[in-house]
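Here the protein sequences come in this chain order: D and L. Counting from 804, one number per residue, gives the positions in the first sequence under the working numbering. Counting from 804, one number per residue, gives the positions in the second sequence under the working numbering.
These aren't lab readings, by the way, just hints derived from the structure by calculation. Quantities reported herein were computed from a predicted structural model and do not represent experimental measurements. Among the hints, a few may not be true.
Identical copies go unnamed one by one, so any copy, or any two together, can satisfy a pair.
Claimed, not checked - With a straight-line Cα cutoff of 20 angstroms, these simulated EDC-like cross-link-like pairs (lysine to aspartate or glutamate) come out: (1) K930 with E966; (2) K855 with D920; (3) K820 with D879; (4) K827 with D925; (5) K827 with E986; (6) K820 with D880; (7) K906 with D883; (8) K906 with E842; (9) K930 with D984; (10) K820 with D883; (11) K827 with E900; (12) K855 with D879; (13) K820 with D849; (14) K906 with D843; (15) K820 with E842; (16) K906 with E990; (17) K820 with E931; (18) K855 with D843; (19) K827 with E990; (20) K820 with D841; (21) K906 with D940.
Protein chains: 2
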Amino acid sequence: MAEFIAPIERLVEEYRKLPGVGRKTAIRYAFATLNLSDEDAARFSDAILGAKRDVYRCPICFGLSSSPSSCAICSDDQRDRAQICVVENPKDVMTMERVRGFKGVYHVLGGVLSPLDHVTPDDLTIKELIARVGQGDVREVIVATSPTPCGDTTASYIARILEPYPCEVSRLAYGIPVGGDLEYADEVTLYRAMEGRRFYTEGGKN
Amino acid sequence: MAEFIAPIERLVEEYRKLPGVGRKTAIRYAFATLNLSDEDAARFSDAILGAKRDVYRCPICFGLSSSPSSCAICSDDQRDRAQICVVENPKDVMTMERVRGFKGVYHVLGGVLSPLDHVTPDDLTIKELIARVGQGDVREVIVATSPTPCGDTTASYIARILEPYPCEVSRLAYGIPVGGDLEYADEVTLYRAMEGRRFYTEGGKN
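Based on the provided sequences and hints, a complete structural model is requested.
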């Protein structure tokens, strides 16, 4: 006989698609799922479909939105639209939001420039960022890409390509451990990084 | 705004119900789920429902079965019904099956005796085990509960309660690290434990 009966084997294989989940962990999850009540299993199953069905991309910042129109941050009149924080992916928006002090808006690139992975500026939302900055009301672009070689390259690229525009371009600075991933930084580190951001162009701090 | 939009927050909460999954891991899983294709998400969602819907308890051994009748092991004529391996839960059947040499059948207790958690013999399938042994064809009962205090107590209890019957009662022995969990034992350790099992009652090895 197979190691597991078919429905369990199938669930194990599905769990293995999650990041960092090997076979033993997947088996553990599968048996935990079997122990859920029918209602809980239905709720879990529906939450997966719901996340795919009810999550949209914001047409302004490309972050996640619960409606097809602009997201909660872009629609919020209290947010400073003159300050755009550029991040790699939608999850980073949530991470940056933990810095309660930041009142600007976001722009999600959808990745970083990476010649090895054939990621070029056309694969990211850089054109759309230029369009937003080109509308003229943007005072500062804070590049919050990860402190990795690709993240740094992307930041430099954005700084160069925004040179013709009258906005400042800054980069998150000390605090984030080099080589680390943005999502694992704690709130204080993120706040320090936001405070100590370094300006690419000369000019006063805001 | 909330830290996440509602459909994601809901999915994160569902993932947190899995064993050993904290908030950060759940968030990681939730965003990985968002990146699945619609088909993959539907397949994942359906696998959860399928595991609840298509998995039955075997009426003989109480292990998992893909049909309401007896499981693949209990229905297999090649298996030695005179040798019953008693395990704590259905997952342990799968674990023990990795010992290719074992050709007997199983009995799933559904837990171990634990006074602190109010688990008494009536909460386990001990009555059903006695009924199986009482039919008279059983030569040996191998108790493969975890090497923990509760597992040991359960093993001793089974040995004592089966004393009136003409079958041997043995217990998995050296090889399994004390205090550990059966599922993390490797194949060789499991095989050694099976080979070196210790008999409660006097009498020859089979």
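Going through the hints against the structure:
1. K930 with E966: within (14 angstroms within a copy, 80 angstroms between copies)
2. K855 with D920: neither (26 angstroms within a copy, 40 angstroms between copies)
3. K820 with D879: neither (36 angstroms within a copy, 33 angstroms between copies)
4. K827 with D925: So K827 and D925 fail the 20 angstroms test inside a copy (40 angstroms) and across (31 angstroms) alike.
5. K827 with E986: Answer is between; shortest inter-copy Cα gap is 9 angstroms, intra-copy 25 angstroms.
6. K820 with D880: neither (40 angstroms within a copy, 37 angstroms between copies)
7. K906 with D883: within (6 angstroms within a copy, 71 angstroms between copies)
8. K906 with E842: neither (40 angstroms within a copy, 38 angstroms between copies)
9. K930 with D984: Cα proximity of K930 and D984: none, with 25 angstroms in one copy and 54 angstroms across.
10. K820 with D883: neither (39 angstroms within a copy, 38 angstroms between copies)
11. K827 with E900: For K827 and E900, only the inter-copy Cα distance (15 angstroms) is at most 20 angstroms; the intra-copy one is 34 angstroms.
12. K855 with D879: neither (24 angstroms within a copy, 43 angstroms between copies)
13. K820 with D849: both (18 angstroms within a copy, 15 angstroms between copies)
14. K906 with D843: neither (38 angstroms within a copy, 37 angstroms between copies)
15. K820 with E842: Only across copies: K820 and E842 sit 13 angstroms apart there, 24 angstroms inside one copy, limit 20 angstroms.
16. K906 with E990: within (15 angstroms within a copy, 56 angstroms between copies)
17. K820 with E931: neither (32 angstroms within a copy, 39 angstroms between copies)
18. K855 with D843: Both, since 19 angstroms and 10 angstroms are each at most 20 angstroms.
19. K827 with E990: between (33 angstroms within a copy, 13 angstroms between copies)
20. K820 with D841: Answer is between: at 14 angstroms across copies they meet the 20 angstroms cutoff, but 23 angstroms inside does not.
21. K906 with D940: within (16 angstroms within a copy, 76 angstroms between copies)
In summary, the numbered hints that this structure violates are 2, 3, 4, 6, 8, 9, 10, 12, 14, 17.
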